[in-house]
Amino acid sequence: MKIRNLLAAASVASLLLGAFAQAQTVGPSGESATPSSGVTVGDDKIAALKAGGYKAALLWHDQSDFVNAVTAGAAAEFQRLGIEIVATTSAGFDAAKQRSDIETALAKMPNIVLSLPLDAVASAVAFKEAKDNGVKLVFLSNLPKDYKHPADYAAIVTDDLFQMGKQAADALADAMGGKGTVGWVFHDASYYVTNQRDNAFKTTIENDYPNIKIVAEQGISDPARAEEIANAMLLKNPDLGGIYVTWAGPAEGVLAALRANGNKTTKIVTLDLSEPIALDMVKGGNVAAIVADEAFELGRAMAAAGARALIGEDTPAFVVAPAVTVKASNVEEGWQLSLRKDAPKSVKAAK
Amino acid sequence: MTRSTAHNEGPKSDHTPVLKLENIHKSFGGVVAVEDFSLQLKAGEIVALVGDNGAGKSTLIKIVSGVHSPTHGTISLDGETVTFADASTARSQGIEVVYQDLALADLQPVYMNLFLGREAVYGPLKLLERKKMMSETQALVDELDVRIPSAKAIIRDLSGGQRQGVAIARATHWATKLILLDEPTAALGVAETAKVEKIIASLKARNIAILIISHSLDQVFRLSDRICVLRRGVQIGVKETAKTSKNEIVSMITGVS
Amino acid sequence: MTKLTSPNQWLDPKRYVVYLGFVLIFAFFAITLADDGFLTTRNLSNIVLQTAPATIMAVGFVFVLSAGEIDLSFGSITAVSALSAAVIMQEHSMLAGIAAGLGAGLAIGWFNGVMVAYLRLPSFLVTLATLGLFAGIARSMTNLRSIPVVNDTFTGIFGSGSLFGIPSLILWTLGAVIVGHVIYRESRFGAHVLATGDNANAAQVAGIKVPRIRLAVLMASGFCAGLAGLLYAGRIQAAKYTLGESDLMIVIAAVIVGGTALNGGKGSVVGALVGSLMMGMLNNGLILMGLPVSDQMIVRGLIILIAVAISLRDNTR
Chain A
1 MKIRNLLAAA SVASLLLGAF AQAQTVGPSG ESATPSSGVT VGDDKIAALK
51 AGGYKAALLW HDQSDFVNAV TAGAAAEFQR LGIEIVATTS AGFDAAKQRS
101 DIETALAKMP NIVLSLPLDA VASAVAFKEA KDNGVKLVFL SNLPKDYKHP
151 ADYAAIVTDD LFQMGKQAAD ALADAMGGKG TVGWVFHDAS YYVTNQRDNA
201 FKTTIENDYP NIKIVAEQGI SDPARAEEIA NAMLLKNPDL GGIYVTWAGP
251 AEGVLAALRA NGNKTTKIVT LDLSEPIALD MVKGGNVAAI VADEAFELGR
301 AMAAAGARAL IGEDTPAFVV APAVTVKASN VEEGWQLSLR KDAPKSVKAA
351 K
Chain B
352 MTRSTAHNEG PKSDHTPVLK LENIHKSFGG VVAVEDFSLQ LKAGEIVALV
402 GDNGAGKSTL IKIVSGVHSP THGTISLDGE TVTFADASTA RSQGIEVVYQ
452 DLALADLQPV YMNLFLGREA VYGPLKLLER KKMMSETQAL VDELDVRIPS
502 AKAIIRDLSG GQRQGVAIAR ATHWATKLIL LDEPTAALGV AETAKVEKII
552 ASLKARNIAI LIISHSLDQV FRLSDRICVL RRGVQIGVKE TAKTSKNEIV
602 SMITGVS
Chain C
609 MTKLTSPNQW LDPKRYVVYL GFVLIFAFFA ITLADDGFLT TRNLSNIVLQ
659 TAPATIMAVG FVFVLSAGEI DLSFGSITAV SALSAAVIMQ EHSMLAGIAA
709 GLGAGLAIGW FNGVMVAYLR LPSFLVTLAT LGLFAGIARS MTNLRSIPVV
759 NDTFTGIFGS GSLFGIPSLI LWTLGAVIVG HVIYRESRFG AHVLATGDNA
809 NAAQVAGIKV PRIRLAVLMA SGFCAGLAGL LYAGRIQAAK YTLGESDLMI
859 VIAAVIVGGT ALNGGKGSVV GALVGSLMMG MLNNGLILMG LPVSDQMIVR
909 GLIILIAVAI SLRDNTR
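Protein sequence lines, in the order shown, are assigned to chains A, B and C.
Residue numbers for the first sequence follow the numbering used here, beginning at 1 and rising by one.
Residue numbers for the second sequence follow the numbering used here, beginning at 352 and rising by one.
Residue numbers for the third sequence follow the numbering used here, beginning at 609 and rising by one.
Since the hints were made in silico from the structure, they are not lab data.
Rough simulated footprint, nothing fancy, chain A against chain C, three-plus residues with beta-carbon under 8 Å:
| # | region |
| --- | --- |
| 1 | 645–657 |
| 2 | 748–759 |
| 3 | 830–844 |
| 4 | 890–898 |
In this text, a Cβ means the ideal position worked out from N, Cα and C, and glycines have one as well.
Chain A with its partners taken away, still in its complex shape (with noise of 0.2 Å):
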């Protein structure tokens, strides 16, 4: 259940409202994305890196599996580089004591700053001084208000939210054999974030695939609920091939409901890791497929890109990291690549 979907990000989100059906994830000014991979600190720059003793600051919004999968794919990056990182904060949503976070972080003047910014009116003015200092800002999914690149920062780095709702439209469609009816539950609430994964699933499914229609569609804004949403979906629609679920949580909400309902052939797909979904589908139960995101790779590319910022190297304003569909066959590499972790011992058991 990664929470950090959950994020706010209402002036972002405004911005990219239009952006919804264009077939890619864009940035908050409508950059367009560079791959992940693209951004990368040759082996040549690591002596000069090395003898600058940078340091940098992780500034975090929340603590999760997906943050310690960026912190650890930052970290690999920075100590390949030479670079210490001297503070590691999380400010458990609070925009108030990110604020905090990062003046008490400042004291260690770090070279570069990685932040998830909690809130963007609020943040503008938090980061104001590490970026008036000169500080390399890389921040992940949000950006403060009115900050330009790549004078203000030096990249904005997130998920390839467009390819993962495509990705989980393509993997139900596999799994209901390309036809069937769908039940779409969104996440009902203005999240830059979801709102980008679940359109770009319905988008996909309207455009790639004829044969399948969307036939129910609930907004959650509760993951609590999902159950019960759920069982009302299937009691008006009791033959859904499929329900894609916006989010790990939710989700495991609608797998309950399917039991409760001895449901075997309703096949669901959602978003980010989960044990007790995984569990599910390497079982060869209801969950037909989880799309995750490269984190540890987000984390890499923050780092990198904050470290050819250093350097004086240019920067993409805009960088996603892919996204990875994992089923029962590969979930061992997914996790791994997602999370930089073995999967859960429940789940390579049931395998």
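Once you've looked at the hints, dock chains B and C against the given chain A.
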């Protein structure tokens, strides 16, 4: 209802009684707690109120202290008829109560308890005048011989007898007319009881009338000038302590002769 | 003008726990983080600035706990207050915004207080409910959006400004602590708060209007939380529903470590200030040590546990 006995036959005196209760009656709903009670108290006199549990002693104390108002009957202080809206009114008229459960704030110092609710303040900001409260408290406890470490001692650190001494000292400080003592030594050991009784006896000299409830007849005989007996809300009689005996009082309390 | 508290309280060793803890933690960080910027004026002033809202909430909380009540809702009040001020200031003057922020705090405090004082509902349950109620209202007020605060005078007074070279947040902290201390220690109201928390029956029979005291302390807590909301809004130049949400544990810990009894009747405003600074310092020092976030939480939790255990050993009845 006939009453041949005169109730108010205290020693004749030229002075107006401090407290005069006339035909006090109190019922709660249909239940009669006290009926037709009359009593007079003079300054410097200690009167004991005795009777079994449920005889109406506590109800009477609550009526005099303003917690309950009588269903009918009159209360006079120094000859003037009064009605108490609540306990504060009674207190402002110079009536103080020492409760069975002491009513002390445990974590506060002695002097703050002595001035509880009536703290001395000074200046335009009305700041607490601690020095004054401390010195007045110290003077009073010395005078009453309440042996506590200091006026600044925290109540919790004191013994039961010391606490009761503080409670009595507080009543003494504020009472101008009457102190009501509700089982003042019920929770105390022998030595402490003696100490508290000594303090109570010394109050006579301050020209205050004292009404005391006690279960201990020994204590009643040691302290009081007169004894008033209640049984099931009915006033059985008032006797001068010097002219009665324990046996007589016991038979009045129990109704068995 | 303020006199010393009674000497007895100064002789009580428990009173020193928070000061001793503060000095020990300070010394530890000063030595181990000497090269990491801990002792820089900038960092030390950061600690005070960052703890300003929590300290002010703690001042109100001392009154509530001392009166034998509790207020779990102050975090939500902070959010509602900050949002009220920010929303009003978009259309109206700064003064209207300040009035809205503080008024919201007082009004919610009054609401809590009436339930507790006059309907005799336990404050724990009332404020647990209003914590959720007003957290919900804070969310719905602006539909989860954050509202920018662009009024420079406001952000100066409540955030980044200074007077005679002293940052305004430090002045607010000092002001709240001094006013709070004088009321708590030197006023009749403070004495009545302590008496109410100590023995409500005794206070009642002594003529203290106990319900009025209960209402007043919850309103004081609401007011302090409202002021904290303005400081947050001024500091981050925006208001958001999350403001104050995470302060509950920190404020309770600061107040308890600062020598205030959980069951009322005893406490210290100055102790709460030191407790709050100690929490801020701990947070700051552990980040500067470069510990991973989970380890920071573990160490902080253990230190708070030890400090609370020592200060509570003799404070509860």
